[in-house]
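Full structure from sequences and hints, please.
Residue numbers (numbering that gives the first Met the number 0): 0 to 810.
Hints in this document: simulated from the structure, not taken from any laboratory.
Here a beta-carbon is modelled for each residue, glycine too, at the ideal position from N, C-alpha and C.
A hint or two may mislead.
The calculated label-pair distances, taken between Cβ atoms and stated as ranges, are [as the list claims (entries may be wrong)]: (1) Lys379 with Ser402: 45 to 55 Å; (2) Ala667 with Arg640: 21 to 31 Å; (3) Ala422 with Gln358: 46 to 56 Å; (4) Gln451 with Ala106: 28 to 38 Å; (5) Arg458 with Gln194: 36 to 46 Å; (6) Glu86 with Gly502: 51 to 61 Å; (7) Gln279 with Lys206: 45 to 55 Å.
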Amino acid sequence: MSQDNRLLPLTPATAPLDRPLRELTQPDRPNNTYAMTEPTHLRDYLQVVLKRKWLILSLIVVVTALTAIQMYRQPSQYESQTTLQIEQKSKSVIKTPQLILNSGNDAAYWPTQLKLLENPRLVRKVILGLELQNNPSFTGGQARAGLITTLRRVVSREQPKPPAAGAQAEGSLAVVNEETKGMAAPVEAQLTPEQSRKLEGLENFIKANLVIAPIERTSLVDIRFTHSDPQTAMMMTDALADAFIQDNYDRETEGADYATKQLAKNIVELQRKIVEKQEQEIDYKQKHDIPLSPAAGASLSQARLADSTRTMMDAEAKLAQVQSQYEAARAALAKPGGIYTIPAVEADKNMQEYQQRLQVLEQERAALSVQYTSEWPGVKKVERQIENVKSMMERRAGEAVASLTTQYEASRQAVNKLRADNARARVQVTSSGIAETRLGNLQAELETTKQQYNSALLRQTEMGSAGDKITNNVTIATPARTPKLVGPPRVRNILIALLLSLGAGIGLAFLLDYLDDTLKSIEDVDRHLHLPTLALIPAPRVERKFMPARGGAAAAAAAAAAANEPITALALIEEVRSPVTEAYRHLRTSLLLSSAGQPPRTILVTSSQPSEGKTTTAVNTAVMLAQTGADVLLIDCDLRRPRIHAHFGLPNARGVTNYLSGESNVGALVQNYDKVPSLKVITSGPIPPNAAELLGSEEMRRLITLLAEQYQHVVIDSPPAISFTDASILSTMVDGVMLVVHGGRSSRSVVRRAKQQLMDVGAHIFGIVLNNVKLESSDYSYYSGYYANYYSNDEEENAGGEGEGEGATTK
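Laid out in structure tokens, this is it:
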């Protein structure tokens, strides 16, 4: 059986044959549960959104408001633009190493000029020329505005202020450079580390707001700068243009001036260096004992190193041979009797004689042992001789091993000494090589200096014959004008935040709806349980303040709420005009009409889990049925945690357990309820240790059958269906079951499992009682509003009845 089909009630074909009434009253359900469910419509999604509309609206308002505040706290940005014209030179100019070659046919000229415009050195030159490091308003103007300024920006549209007359001329870097020409470099060189870090911060700020944009198919370049102050933006673009023009002119003239003024001094300096390096070469050769002539001679240190290396290698070979013998001897010593297997011991002549003598003595002992015992003096004498020979062999072997060890240690020490001598010889050779290498470096430096001297003489001749006139090829095509407002895009960002928050809110609403696994409405019961909803029981309004003159259930409920005490089930329906009472009347009507033919006689009330209100529902259902004039019996079959006697204020000394334990007088167990004469109660009695066995006995089935013949309706309260098997047992003995579900708290899966557990035993489920429903929810707002007026009219009618007491409460 599939999971979905398991949730369906049994059809009459599969129901027990001994229950004809259930087969008549239980309607057939199709096997396909999905055929009974309506397709999802757009209104279902709209209902999810409307259910959490305040959450969505709150998220939209908060996110949009925060975004708007953030946008309007940011200062307005103005962009200024200055256009430069950069032309390539048609002629080449002879340059010094400090100059950049501007060739008419150079493909890298244009990208180079663009990179020079973004050079941090140029930006720093502008900062020092305009003294921006001493102007805190330059970057301080970018700070976020306060609340008042933000509100002013929201209600007004800002326009860029035109610069004051003469502001551009005063802020121009060209004027500053004319007055302080040649001062930028010394000032920059004298900066402290802290000032340098401050300048780097200003450079990063300017570069972040600076845009260099070449115009395609032209020699024009736009310099754009964005700032919160339009005058500052204009001043920066013009200052950067002037600085680049001045820098370009300096690059064109600096090399020629430098070559003209310094070339002669460089020639004299090179001549002096040539003489000094020649003297250094002579002194170095004399100090390191290097022949002054270039003739090749034998190197004594290298010869010594070669001899030392050969001697060391011979000693190492000998050491390796001795070491192998030594390690073999050590390995043999680790074995029992292995000392005699050492080659040096075996080769010893004395050892050979000892071994021959030992063999003769052992043969002699063996011959004597044939005729005599080991105690015979002759045998003992031979054994003493054998022991002496063995002792001499061990001593001789030890001496051979000691000699081998001494030989190994001597060879090792000799090799170590030769290695040390060889290392010293290598150090001497290395020192000689370093000295010769350094000498080669001195000679190379001397040769380089001579070449530089010759090049300087040639350059001096060329500079004298150069006649090209240096001109500046960079000009300002369009100076800065009134900046335009470019940001921030407040309206766009606010609209984006509005749309994103709307989407996030809707997504959050659907996520919460998906994660919510509780049953809260009739639609939830129909969709997930496929059972009819008998009634919606609203949550009791105990927080409502009752008037002091009112008595009855209202006064009891108010007193219980004030004392933080639980309200009894009867107190919920004693207020005849309360929504709870009306809900139980509706439950009574649904229950009486739930079966075809005749109303059900035996009714089991249970729930899926504890604390869902099953006992309260059983009590109030019995009272409502009794108010119609029918004889009603309420039985407390919750033998684990009985509560009915507490709601009625009755003793629980005798009850169901007494009958199931053998007492046959059922009438003695029935107790009366004075306020409703047609309602009788049988309490649980003493709590037994074997509740399930008692309820599943034949006496319990006989008791229900007997009581069903005496009363028109028998309402039975039982334990939760999931926690215990009592409800499943009792469901097979009654006409039907009412399943109580706590609205907004009971899990769908738990209730579905309780339903399946009851249907697996063939129980007939009348329907679901959705208990403790919040009337303030959107689904029942009309219900809540109606009863709010109902209550107010009720209070006005009872306002004058201060002396009526409980007699004013209508039953």
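Evaluated hints:
Taking 45 to 55 Å as the suggested C-beta distance range, the pair Lys379 and Ser402 does not conform, at roughly 35 Å. Hint check: Ala667 to Arg640, Cβ distance near 24 Å, so the stated range 21 to 31 Å holds. The hinted window of 46 to 56 Å between Ala422 and Gln358 holds, with their beta carbons roughly 54 Å apart. Checked against the hint of 28 to 38 Å, the C-beta distance between Gln451 and Ala106 comes to roughly 31 Å, which is consistent with it.
A hinted range of 36 to 46 Å holds for the C-beta pair Arg458 and Gln194, which are about 39 Å apart. At roughly 54 Å, the beta carbons of Glu86 and Gly502 sit within the given window of 51 to 61 Å. Distance hint for Gln279 and Lys206: a CB-CB separation of about 48 Å, consistent with the stated range 45 to 55 Å.
Violated hint: 1 only; the structure is consistent with all others.
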